[in-house]
Structures are given as C-alpha cells and as structure tokens.
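Produce the complete structure using the sequences and hints provided.
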Amino acid sequence: MKKITCFVVCLLILSSFTAISLGQKADVQQQKQTAGKVLSIQKKFLEPSIIRTYINEEKFIELRFSETNGYLRLEDKPLLPLYRETINLPFGTKITDISCEIGNTETMKLQTKILPTPRDLITDMQNYE
1 MKKITCFVVC LLILSSFTAI SLGQKADVQQ QKQTAGKVLS IQKKFLEPSI IRTYINEEKF
61 IELRFSETNG YLRLEDKPLL PLYRETINLP FGTKITDISC EIGNTETMKL QTKILPTPRD
121 LITDMQNYE
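Each residue of the sequence shown is one higher than the last, beginning at 1 in the numbering used here.
It cannot be assumed that every hint is accurate.
To be verified - As a list, the in silico PhoX-like pairs of lysine-lysine whose alpha-carbon atoms are at most 25 Å apart:
hint: 1; residue 1: K37; residue 2: K77
hint: 2; residue 1: K109; residue 2: K59
hint: 3; residue 1: K94; residue 2: K37
hint: 4; residue 1: K77; residue 2: K59
hint: 5; residue 1: K113; residue 2: K77
hint: 6; residue 1: K94; residue 2: K59
hint: 7; residue 1: K37; residue 2: K109
hint: 8; residue 1: K43; residue 2: K94
hint: 9; residue 1: K113; residue 2: K37
As the list claims (entries may be wrong) - Just the calculated beta-carbon pair ranges, DEER-fashion:
hint: 10; residue 1: L121; residue 2: E101; range: 17 to 25 Å
hint: 11; residue 1: G92; residue 2: I50; range: 17 to 25 Å
hint: 12; residue 1: G92; residue 2: S49; range: 18 to 26 Å
hint: 13; residue 1: I102; residue 2: T53; range: 25 to 33 Å
hint: 14; residue 1: K94; residue 2: I50; range: 54 to 62 Å
hint: 15; residue 1: E47; residue 2: R84; range: 17 to 25 Å
If you are wondering where the hints come from, they were derived from the structure by calculation, not from laboratory data.
Keep in mind it's a predicted model, so treat the numbers as computed, not measured.
Just so it is clear, CB atoms sit at the ideal spot from N, CA and C, and this is done for glycine as well.
Laid out in structure tokens, this is it:
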C-alpha cells in the first residue's frame, strides 16, 4: 500500500514539473512571435480657434482645437484643450517602452488671459446651512 501511495505522489510531482516546463516553453515561443510589434500613434494639431468671452466684465479667451476631445480641468487653472486616447491591448501584453516625441512646435503670444476652469458646483445642497 505504501509503495502505491509513494508511486502516485512521485507521479504527480513529475507531471507537475513537466507541465511547468511546457508552459515556460510556450511562453518563450509566444514572446518570439509578438516581439517586434510596434504601435505608433501620430497626432497633428492645427491652429487653435480663439474665442473671446467675458465673465463679470473681464475679458478672457478660450482655446479650441478641432483635434482635441476634452479639456484639462484643474480648479483655479486655465481651461486647456486635451487629447486623450485609450488603447485596448490583448491580455498578457508586455509593454517594453513608451516614448513621446514632440516636434514642429509653435509659440503664440496671447494678449488676454485664458478662460479659467469653472469651479465645481454642488447642486443637491439646497437645504445646506
């Protein structure tokens, strides 16, 4: 009886090692297949639209780019256009490097302040004292 138990335990241990080594080999092969794939995203922003606006008789400008999809909203800071993109990658993807190259930048002198970010407004506090 002890011999059968020992044999079964040894068999289980050996099969575990075999499964682990096969899994590692498959992982190495998968890395070789996906190695070298590069995802490159290029964005170009054209001239901004400048919109003049007044708040409490104070003059501001709002910058708009047709290529952006939102605004950077930090309280008491200028409301700046923002481009945000979400990239969905397959499960198990290993990211080895991320780089951002900025080129062909232009500077623009503004005569007026940029529109500040509006403060957050709590709308359900009617009876708050």
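Quick check: which numbered hints come out false for this structure? 1, 6, 7, 9, 10, 11, 12, 14
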